[in-house]
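Input sequences plus hints: build the corresponding full structure.
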Amino acid sequence: MPAPVTEFKADLAIFPVNTASMLMQLWMRFRFAQRLIDIINYTERDSNDILLREINFRENTRMSLGFFTEKDLEQIKLHGLSLGQVEEQIDFFSGTPPAVRLVRPCTAGDGIICLEESSKIQFLQLYEREGDSISRGKFVPASGAATRMFKALLSERSAGRDITRDLVLAGVKAKREGAADLLAFIDGIRDFAFYKDLSAVLHSQGLDIEILLEKGRFNGIVNALLSPEGLNYAELPKGLLAFHYYPEGARTSFEEHLVEASHYLADPAGRCYLAMTVSPEHFERFNALFQKVRANYEHRLKVTYYLDFSVQRSSTDTIAVELDNVPFRLDDGSLLFRPGGHGALLDNLNEMDCDVVFITNIDNVVPDQCRQEIVKWKKILGGYLLYIRDRVFMFLNALSVNNPEEDLLSDAESFAGGVLNLPIPLSSRNLSSHERAFRLKGMLNRPIRVCGMVKNQGEPGGGPFWVKDDSGATRLQIVEKAQINLDNREQREILAASTHFNPVDLVCSLRNFRGEKFDLREYRDPKAVFISRKSHNGRDLKALELPGLWNGAMAWWITLFLEVPPDTFNPVKTVTDLLRPAHKSGHKTINRPG
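Residue numbers (my numbering): 106 to 699.
I should point out that these hints are in silico values taken from the structure, not numbers from a laboratory.
Treat the hints with care, since some could be wrong.
[Said to hold, decoys possible] Distance condition first, Cα-Cα at most 25 Å in a straight line; then the derived SDA-like pairs of lysine to any residue:
| # | residue 1 | residue 2 |
| --- | --- | --- |
| 1 | 632 | 199 |
| 2 | 632 | 599 |
| 3 | 407 | 480 |
| 4 | 678 | 482 |
| 5 | 622 | 418 |
| 6 | 560 | 682 |
| 7 | 689 | 672 |
| 8 | 586 | 622 |
| 9 | 678 | 478 |
| 10 | 689 | 405 |
| 11 | 622 | 609 |
| 12 | 647 | 222 |
| 13 | 301 | 396 |
| 14 | 546 | 578 |
Written out as structure tokens, the structure is:
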């Protein structure tokens, strides 16, 4: 009879990575074959014994057979994860992540609200009138490095050749990827807010930026911008990069968020609450910058900032696997864990102690002369949220009484279905008044988000769609392309017919009608994960991203889409985006409007 599984104690860390992976797969295949033989040979034995062997096999295959070593288990524990969580993540790689089932794109009047001019004024005034009576905050994910901003420059630099104007022009003519961006960067270099700092770095190295530009020799310029010996912009997060120029000095995108927030977050006492997620390695630099500029902005804008920096918890990291779904191991044999995407920031958002929170990306900011339109639409979105929230709370309070009347139930169902786009089952009319009230309260008592949506103009980003959930009900969701089954022709056609995209311009209500904080983790769809192809030190791998913050992480929120103008969306995805009119110049006046 075969030896018990538990007698096999292989420490794969002693083998080279590829060998360890191969040995593990061979052993697992052997044990699966051995298990089948055991079951055939011992079918006359008590069925409970076979079941016990099956359970032991499943438990020991991953732990004792080398799938995870004792060192692995300790590493998992130090990450704040359990073995069960890691196994569940690996199971996602082995299967096919459930694709979102698109029904149709949201369009103007069908899922997307387009306000008349009078309504815009109404909601703006509502926010200005009632906003001071609630606690407000702003949540900005600011963790990621700006590497992708400089993709074209990094690619040319890594080629190891002289970067000359002739070479760049030849690349543009040959339509070489990135060449046009590199040429735009060089031709517009004097318009970047970091030009003065770049010139100073080159001067310290005995180089003159104007002479280099005149001679058409750009290696020194690119190195001074990207390398650790220079500005090191390729490794810094976007929040620490100089975005806009002002006569008094350049301003980073982090600083622009401080200025912007003062226009719609500050309460009557001038208190202004923001929360930003940053990488652990950049926390000190963010904090140092805040301490450096804080007094100046607080004095000029007449506010007091309450700023919380938080980091993405290691317990939200996910394990990486090889392309054959075997855990990815580093050269020292340890497992590779990766940040679980922006969906992991749900825990950080969940810690905010505010009634209403605005969410936007770190790179979607503008200089002062363009800010008026941005602030106007933030207030419109906030006013519409307060309008909806007040009506939701009114119905929830009324439904909490015993034996609600038929008129109230009908009005609540009409509001839930006709205004909030929530699915109302036809069978509801057959329920008792108590049962109908109970069901309605369950539908209405949840977080609310109003999401700005911009007409498609070729910008990247997910979009608003009507989707079918597991129960067969149709509801509103923000969907990323990675969530869609592109092998299905019908789904591709629905995606192609979309008219709007998600600029990440949200305002959220995080408390219930009794003033209690929601536990936001209860309203996410844990199955809405992403699997993406990545690499580590030149080796391909598969990575798992948790349900996106404004996708699966908010799947069961009350969701409303409001059309906002394109001028409110000014992202910086590549460095040359800073040459667009909305970013190109700054203004010295940053006084907060009365």
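Here's how the hints hold up against the structure:
no.	hint	result
1	632 / 199	holds (14 Å)
2	632 / 599	holds (22 Å)
3	407 / 480	holds (17 Å)
4	678 / 482	holds (22 Å)
5	622 / 418	holds (21 Å)
6	560 / 682	holds (19 Å)
7	689 / 672	holds (14 Å)
8	586 / 622	violated (32 Å)
9	678 / 478	holds (21 Å)
10	689 / 405	holds (23 Å)
11	622 / 609	holds (23 Å)
12	647 / 222	violated (48 Å)
13	301 / 396	holds (23 Å)
14	546 / 578	holds (18 Å)
The structure is inconsistent with the numbered hints 8, 12, although it conforms to all the rest.
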